[in-house]
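Chains as they are written, first to last, in this note's numbering: chain A, 1 to 191; chain B, 1 to 325.
Since the hints were derived computationally from the structure, they do not count as laboratory data.
Careful: at least some of the hints might be erroneous.
[Said to hold, decoys possible] Straight line, CA to CA, 30 Å or less: simulated BS3-like cross-link-like pairs of lysine-lysine: (1) B:K211 - A:K41; (2) A:K26 - A:K158; (3) A:K41 - B:K54; (4) B:K21 - A:K41; (5) B:K21 - B:K106; (6) B:K106 - B:K45; (7) B:K165 - B:K53; (8) A:K41 - A:K26; (9) B:K199 - B:K45.
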Amino acid sequence: MPPTPPPPAPGATLILDRAAIERALKRIAHEIIERQPDLAKVALIGIPSRGVEIAQRLAALIEQFAGRRPYAGVIDVAMHRDDLHRHRIPPRVARSELPLELAPFTVVLTDDVLFSGRTCRAAMDSLSSFGRPARIQYAVLVDRGHRELPIRADYVGKNLPTAHGQRVHVRFAATDGIEDSVWMSLDPAAA
Amino acid sequence: MSPTASPAGPIDPAPAAWQHKDLLAIQGLTTAEITTLLDTAAAFKQVGTREIKKVPALRGRTLVNFFVEPSTRTRASFELAAHRLSADVLNISATQSSLTKGETLKDTARNLEALLADIIVLRHSSAGAAQFLAERLQASVINGGDGAHEHPTQALLDTFTIREKKGRIAGLHVVILGDILFSRVARSNIWALLALGAKVTLCGPSTLVPKSFERMGVTVTHDLDAVLPEADVINLLRIQHERQRKEYFPSLGEYTSLFGLTKARAERLKPDALIMHPGPINRGVEIDSDLADSARSVILDQVTNGLAVRMAVLYLCGGVQGGVK
Chain A
1 MPPTPPPPAP GATLILDRAA IERALKRIAH EIIERQPDLA KVALIGIPSR GVEIAQRLAA
61 LIEQFAGRRP YAGVIDVAMH RDDLHRHRIP PRVARSELPL ELAPFTVVLT DDVLFSGRTC
121 RAAMDSLSSF GRPARIQYAV LVDRGHRELP IRADYVGKNL PTAHGQRVHV RFAATDGIED
181 SVWMSLDPAA A
Chain B
1 MSPTASPAGP IDPAPAAWQH KDLLAIQGLT TAEITTLLDT AAAFKQVGTR EIKKVPALRG
61 RTLVNFFVEP STRTRASFEL AAHRLSADVL NISATQSSLT KGETLKDTAR NLEALLADII
121 VLRHSSAGAA QFLAERLQAS VINGGDGAHE HPTQALLDTF TIREKKGRIA GLHVVILGDI
181 LFSRVARSNI WALLALGAKV TLCGPSTLVP KSFERMGVTV THDLDAVLPE ADVINLLRIQ
241 HERQRKEYFP SLGEYTSLFG LTKARAERLK PDALIMHPGP INRGVEIDSD LADSARSVIL
301 DQVTNGLAVR MAVLYLCGGV QGGVK
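Please put together the full structure from these sequences, using the hints given.
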């Protein structure tokens, strides 16, 4: 067992370690292959910033299992958020990277944590401004509940019951320089 | 959605390196802030390639284009940028405004704010006019050019164009040619280019390019032919007839013979040197007409990039402020 990385917040509990994250992503990769036999028409599109890393890793895993690497890209959501005025500092915008012609593709949006569902809504709006994909699916590493919109994920790495005030932290070596891990902070109401 | 979402407030995605409600000048911005503006502009440029060239970022916000000095491209560019961000736009020019009836700038602006304007783009003949408003209003104030002081969005679109075409700014040699003394475009460009690590040379008649500019950290020369072979970029500024007085140079013809970018002079440029001009161009004065239309000229790219840069500025300054007070 490698040593446990330091928690990102005091008192946070480790939910998934590196091996558990790898297992969850492998399972999602298999499920995507099962549901989409034609991988030439699958585009894994990451929501910045960690969703982009998930899209890349799923693409590599799918290539490993099925011999074909699906398209992996990026969708900017910052321009399509409905909560811009509630920020003190504007969210960073990203350049989107998408297939030139979206129509034939099943787009699998990828993100680290599914919470209210508002980011997914913004990502779908953003995607529609580029074109009209054949269908849109949604893959997340952690579904923590507390939806505010009628949105659900098609692929879930880990269902994690949380209190509304708790925080879920995802860390990737590639994006955060900390060993891959998922953490849950203390429930402020219980503390 | 971010894993670090807070329960009461908005979910927090990665924040941009920008915390200003106003854009008044390039002087004083950090290199990181200028880079954030350029990177944000690159993302917004992509909106122009979408099927739907409009995003909802500023939905429900009102932008007032308050142009006390005439302008075509800057005003139109801000207006289209605001439309692309789904903001509502009100255009007010000096002749329509009550400034001609004796109302002060501050009173006019306070009236605009009373109409719930969230963003005011101001062009004014007095240096510091935008700052004056920004200090007194809650609305975001964007400097669309104030006297001979600064024209920040022009400098951003110029540096954006250079970075897009050359892949970098640091280490490039940029020559700014022409009417520097009267030019807010030159001042803003100098600050932006120096912050991003370019070498800047100013060139023109000694009456319009005094040596005192060297205090800003640039080189001043009055010998265009000598500096041309070293330039990676040559940015031509318009001779501002309307502000010229006789003593600065004898005639336009003489200016052209010494400092105009003619075909013969352009031969001395590096093959991949960029020719830029903020417009409107005086064909045959600052630049030969054919050169302005040549492959090395990026004058129209500058106009296209101006839209992306202004979308970025409105998003960063106006997106988070003003909506909820």
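Here is how each hint holds up against the structure:
1. Proximity of K211 of chain B to K41 of chain A is assessed by CA-CA distance (about 63 Å); at most 30 Å being required, the pair is judged violated.
2. A hinted pair counts as satisfied when its Cα atoms are at most 30 Å apart, and K26 of chain A with K158 of chain A qualifies at roughly 12 Å.
3. The suggested pairing of K41 of chain A with K54 of chain B holds, with an alpha-carbon distance near 27 Å, which does not exceed 30 Å.
4. Between K21 of chain B and K41 of chain A, the direct Cα distance comes to roughly 44 Å. Violation of the 30 Å bound is thereby established for this hinted pair.
5. Taken as a hint, the K21 of chain B and K106 of chain B pair is honoured in the structure, with Cα atoms around 18 Å apart against an allowance of 30 Å.
6. Distance hint between K106 of chain B and K45 of chain B is unfulfilled; the C-alpha atoms sit about 34 Å from each other, more than 30 Å.
7. Taken as a hint, the K165 of chain B and K53 of chain B pair is honoured in the structure, with Cα atoms around 23 Å apart against an allowance of 30 Å.
8. Among the hinted pairs, K41 of chain A with K26 of chain A is consistent with the structure: their alpha-carbon atoms are about 20 Å apart, no more than 30 Å.
9. With a C-alpha separation of about 27 Å, the suggested pair K199 of chain B and K45 of chain B falls inside the 30 Å cut-off, and the hint holds.
Going through the hint list in order, the structure does not satisfy hints 1, 4 and 6.
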